[in-house]
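Knowing the structure of chain Y, use the given hints to seat chain X on it.
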Amino acid sequence: MGKKFIYWFEEISRKKFEQVGGKNASLGEMVQMGTRVPPGFAVTTYAYDYFLRKSGLNKEIFPMLEGSKSKGQRELAEVCKKVRKTIINAPLIDEISIEIGKAYLKLCDNVGKKDLPVAVRSSATSEDLPWASFAGLQDTYLWIVGVSEVILKVKSCWASLFSDRATSYRNDMGFSHDREKISVTVQKMVNSRSAGVMFTLNPINGDRSEVALNSSWGLGESVVSGVVTPDEFMIDKATLKVKRKTLGEKDKEIVPAEKSGVITREVDEARRAAFSVTKEEIDELVKMGIRIEEHYENPTDIEWAVDNDMKFPDNIFILQARPETVWSKKKQVTKEEEEKQDTDYVIDLLTRFFKS
Amino acid sequence: MKRYDCVPGLEYGDSDLGMSPAWFLDGTHSVPPWTPMFGWFWVNFCRHGMQYGAEKLSLPTVKGWDWRFKDGGGYLTLLLVGSDAEKKEREAVFKEAIRPFIENYDKVWYGFVDEMLERYKSIKSVDLASLSNIQALEKFEEVIDTTRRMWEIHMYMMYGTYTPYVLFESMAKELVGIDDTHPTFHKLMSGFDNESFRVDRGLWELSILLKDMGLDDIVANTPSQSVIAELGKTEKGKEFLAKFDQFLEEKGGWRMERMAEINVPTWDEDPSPAFNAIKMYLKTGDFDLEKEREKAEKERKATEAEVLEKIPQDQRGWFSILLKVAQNSSMFSEEHNHYLDLYCHAMIRRVVMDIGRRFAKSGAIAEVDDIFYLVPDEVRKAGINPDMFDLKQIVADRKAEWEAWNKDGNPPAILKEGFTMEDAVGVLAQSMDPIALKVVVGNMPVPKPELKADLFGICGSPGMTEGIARVIQKEEELERIQKGDILVAATTSPSWTPVFSLISGAVVDRGGSLSHAAIVGREYGIPVVINTFEGTQKIKDGQRIKIDANLGAVYIVN
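Chains Y and X, in that order, are what the protein sequence lines are.
Under our numbering, read the first sequence as residues -6 to 349, first letter to last.
Under our numbering, read the second sequence as residues 845 to 1402, first letter to last.
This is chain Y alone, in the form it adopts within the complex (with noise of 0.2 Å):
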């Protein structure tokens, strides 16, 4: 139990949280509920403690640490500085490294793409953080390629534990160190032929009896922001009859940038005047879109995309669902909360500040 230092998503439900973070719980979860996110596994908190032991490096780093509590702004950063440095820097386990590099070759293998471009995250498990999905430990690195690369970082991801808030965090609560752990996401990044989001109600008037669905062309992030106007489609759940159709203008479409990021292009006449999802591929979506509905027992906001990598019905990805009603509570919480850590914060480095 536990011994494992790769998890694949499907592997993953939350009684796993301990080993493989939040993030990769509820991407479990949602591949348990019969949805498909994009494809990926976990790297699990074993694997850094194990590293950190086999190396040798927990007796180099947090003896560095000792006494960091009194230390003034400028003297702490560079110890933080010093200990991301030496994590990074040391060379991975081999036993780590093979796991890792086989579960990225089997993934780039069952896409069926080499040099499957990937997103490491990472995926912290302590509920003491009450800031962890926003200070520093939301470490996000896209469009990775390659097995080195990918190792490279899964250390950095490591090395966040140590950023120079978390340290200060721990000190200020008398925490120690080692105490937490981290775990990591390696999934594929999202190579969208269409995108859109699906709410599993009318918008409108409330009517749970349909769903409705926006699409258009190329990533998400179009529709998200309003960059274009999508397709529009209103689907009786009931018998996913689409009950009424409209073409989008879609005079534009952002899309994975050759090296890396996203560009944003123009859409030629053909594709505007086409709708960018098809009948099948809508099917498919809005029974995944009743799944979440149903484990979540609340209309939901959903993210998706089709994927140009692969073939349906396996390209249908769900990128991010949030129950509707708990969202948009949560949501102003999770505002309110962030705030008041960065008051503590600013408090905390004002107090700091005299010992510099």
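You may find that some hints are simply not true.
To be verified - Straight-line C-alpha distance at most 30 Å; calculated DSS-like pairs for lysine-lysine:
#: 1; chain 1: X; residue 1: 1055; chain 2: X; residue 2: 1139
#: 2; chain 1: X; residue 1: 1168; chain 2: X; residue 2: 1142
#: 3; chain 1: Y; residue 1: 62; chain 2: X; residue 2: 907
#: 4; chain 1: Y; residue 1: 78; chain 2: Y; residue 2: 47
#: 5; chain 1: Y; residue 1: 78; chain 2: Y; residue 2: 280
#: 6; chain 1: X; residue 1: 932; chain 2: Y; residue 2: 74
#: 7; chain 1: X; residue 1: 1077; chain 2: X; residue 2: 1087
#: 8; chain 1: Y; residue 1: 64; chain 2: X; residue 2: 1318
#: 9; chain 1: Y; residue 1: 62; chain 2: X; residue 2: 1017
#: 10; chain 1: Y; residue 1: 348; chain 2: X; residue 2: 1154
#: 11; chain 1: Y; residue 1: 64; chain 2: X; residue 2: 1168
#: 12; chain 1: X; residue 1: 1154; chain 2: X; residue 2: 1139
#: 13; chain 1: X; residue 1: 931; chain 2: Y; residue 2: 62
#: 14; chain 1: Y; residue 1: 348; chain 2: X; residue 2: 932
#: 15; chain 1: Y; residue 1: 8; chain 2: Y; residue 2: 234
#: 16; chain 1: Y; residue 1: 333; chain 2: X; residue 2: 1154
#: 17; chain 1: X; residue 1: 1154; chain 2: Y; residue 2: 16
#: 18; chain 1: X; residue 1: 1142; chain 2: X; residue 2: 1154
#: 19; chain 1: Y; residue 1: 74; chain 2: X; residue 2: 939
#: 20; chain 1: Y; residue 1: 78; chain 2: X; residue 2: 1154
#: 21; chain 1: Y; residue 1: 64; chain 2: Y; residue 2: -3
#: 22; chain 1: X; residue 1: 1318; chain 2: X; residue 2: 968
#: 23; chain 1: Y; residue 1: 234; chain 2: Y; residue 2: 245
#: 24; chain 1: Y; residue 1: 62; chain 2: X; residue 2: 900
#: 25; chain 1: Y; residue 1: 245; chain 2: X; residue 2: 1154
#: 26; chain 1: X; residue 1: 932; chain 2: Y; residue 2: 62
#: 27; chain 1: X; residue 1: 900; chain 2: Y; residue 2: 348
#: 28; chain 1: X; residue 1: 1055; chain 2: X; residue 2: 1127
#: 29; chain 1: Y; residue 1: 333; chain 2: X; residue 2: 1087
#: 30; chain 1: Y; residue 1: 64; chain 2: X; residue 2: 900
#: 31; chain 1: Y; residue 1: 333; chain 2: X; residue 2: 1145
#: 32; chain 1: Y; residue 1: 62; chain 2: X; residue 2: 939
#: 33; chain 1: X; residue 1: 900; chain 2: X; residue 2: 931
#: 34; chain 1: X; residue 1: 1168; chain 2: Y; residue 2: 74
#: 35; chain 1: Y; residue 1: 64; chain 2: X; residue 2: 907
#: 36; chain 1: Y; residue 1: 304; chain 2: Y; residue 2: 16
#: 37; chain 1: Y; residue 1: 78; chain 2: X; residue 2: 1017
#: 38; chain 1: X; residue 1: 931; chain 2: X; residue 2: 1017
Derived from the structure by calculation, the hints contain no laboratory data.
Only chain X this time, still in chain Y's reference frame:
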């Protein structure tokens, strides 16, 4: 008759060097030397306020300042926290004490403003002349207490406001590479309205009104002292004067030429300086104060976005909070002058002048203004029965001394033997005292020989300009300034603000990025070089000069 020290218990003596090896002259406020009466108020209560503020906030490294009075000068030294154990204890308290400044700044500040306005109202609403001597003495004690409270609020607020400012500067340097001599930094700090600026806007609006009413020529061509009489001759003029009185009543009445003294009239008593200011705005032609402010605000917002872009995503939350708190500094710097120093000093003057009239009438002193050469203990001594006391000799002696102080001037610092100015400044820096860092010391100019400039200062407000230098010592001389001139002065005060609409730039001997000239320069969108130290000596009036404020360089063209 027994003559008291000017500030009993706080007169400078050589033994004070045993307590601290370095005493600095407060050149911003006590040059030229104070009258004994005002010196008493300042040294007692500014000193009290600093220790009160540092203690209330439990600043980890400093317990405020100690002050002494010497020959009309205020001399100060820092009270440093000695042991690390004590620093630690103070830190723990500080953490909670600073919180309201981050969480709810406006509530803290405007709560105090309301408290002070209540106190002023209690002094202002009484017809002092109708009081008995006993009641007048009670008002005198009341204004003393009001001054004590004013300084408590003043320094508590100032420490609480400038500490985040100094931290913000250091973080901005680290994360974005800009400090508070950098034009980008200045843009972040400008484009905020405040009550002091609203007084100036009132004056500017009056100048526009004059033009609209066709009265601008009369005001421009009449000496300021006679403007009111001249305007009173016509119906239209009277209409304007009604608006003018309303302005004095609501906004500007307690302005004085010198902020830290009480021996000059307020605008309520003598409004001619207000007309000097209005004339200045008349001369500026198409200058639009409203537009300048909007421009500064727009620029600030753009700069904020630009700077945040450079901050890592996960750091933006706290950085924005700190930025917002730091931005209070410009507003507070101007607004506290308005609500605290100027208003309170006008109240002191009001009450002290009333006592002076009583004393002069009963023959205790010869002239009403002689009251400024007495100190509160002497007012108390003769307050109820002024006719029974003759204080003329005390006044004569003190006046003679005061005149000598004015003639001789005070040294910038008093140092123990073997202790250098560098040592002294080192101690100031070590204190981490934000007022010492930003107001007393400021950033030191770094000469850049490659620029071949004649003078170096630091950038107070960005930009470049060229024009005729007007070296101004006193406010009266401000009328010599013509549109496009460059103001050269030792320092500037709130009543000088209108001239910034006329000049194309300014060079100031002393002051940090939160000094008046820097703040107003930024709001009026003109370049200002500060901390040049010897600008008023090196630059001759009428010379053509060029300034590049971004580089802190001043060139004498001919």
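Hints, one by one, checked against the model:
1. X:1055 with X:1139: Between residue 1055 (chain X) and residue 1139 (chain X) the Cα gap is close to 24 Å, so the pair holds against 30 Å.
2. X:1168 with X:1142: Given pair residue 1168 (chain X), residue 1142 (chain X) holds - Cα atoms ~16 Å apart, limit 30 Å.
3. Y:62 with X:907: The given pair, whose Cα atoms are some 24 Å apart, holds under the 30 Å limit.
4. Y:78 with Y:47: Holds, at about 18 Å.
5. Y:78 with Y:280: Not OK: residue 78 (chain Y) and residue 280 (chain Y) at ~47 Å, beyond 30 Å, violated.
6. X:932 with Y:74: 25 Å, holds
7. X:1077 with X:1087: Answer holds: residue 1077 (chain X) to residue 1087 (chain X) is near 16 Å, not above 30 Å.
8. Y:64 with X:1318: 49 Å, violated
9. Y:62 with X:1017: 24 Å, holds
10. Y:348 with X:1154: 27 Å, holds
11. Y:64 with X:1168: Roughly 26 Å between the alpha carbons, so the hint for residue 64 (chain Y) and residue 1168 (chain X) holds.
12. X:1154 with X:1139: Holds: residue 1154 (chain X) and residue 1139 (chain X) sit about 23 Å apart, inside 30 Å.
13. X:931 with Y:62: 14 Å, holds
14. Y:348 with X:932: 10 Å, holds
15. Y:8 with Y:234: 38 Å, violated
16. Y:333 with X:1154: 23 Å, holds
17. X:1154 with Y:16: The given pair, whose Cα atoms are some 27 Å apart, holds under the 30 Å limit.
18. X:1142 with X:1154: Holds. Residue 1142 (chain X) to residue 1154 (chain X) sits at ~19 Å (cutoff 30 Å).
19. Y:74 with X:939: 26 Å, holds
20. Y:78 with X:1154: 22 Å, holds
21. Y:64 with Y:-3: 38 Å, violated
22. X:1318 with X:968: With Cα atoms ~29 Å apart, residue 1318 (chain X) and residue 968 (chain X) stay inside 30 Å; holds.
23. Y:234 with Y:245: 28 Å, holds
24. Y:62 with X:900: Within the cut-off at roughly 25 Å; holds.
25. Y:245 with X:1154: Distance ~28 Å between residue 245 (chain Y) and residue 1154 (chain X) Cα, so the pair holds.
26. X:932 with Y:62: 12 Å, holds
27. X:900 with Y:348: The hint holds at about 19 Å.
28. X:1055 with X:1127: 11 Å, holds
29. Y:333 with X:1087: 47 Å, violated
30. Y:64 with X:900: With a Cα-Cα distance of about 25 Å, the restraint between residue 64 (chain Y) and residue 900 (chain X) holds, given a limit of 30 Å.
31. Y:333 with X:1145: 24 Å, holds
32. Y:62 with X:939: 15 Å, holds
33. X:900 with X:931: Answer holds: residue 900 (chain X) to residue 931 (chain X) is near 14 Å, not above 30 Å.
34. X:1168 with Y:74: 28 Å, holds
35. Y:64 with X:907: 22 Å, holds
36. Y:304 with Y:16: With a Cα-Cα distance of about 26 Å, the restraint between residue 304 (chain Y) and residue 16 (chain Y) holds, given a limit of 30 Å.
37. Y:78 with X:1017: 23 Å, holds
38. X:931 with X:1017: 26 Å, holds
Checked against the numbered hints above, the structure breaks hints 5, 8, 15, 21 and 29 and satisfies the rest.
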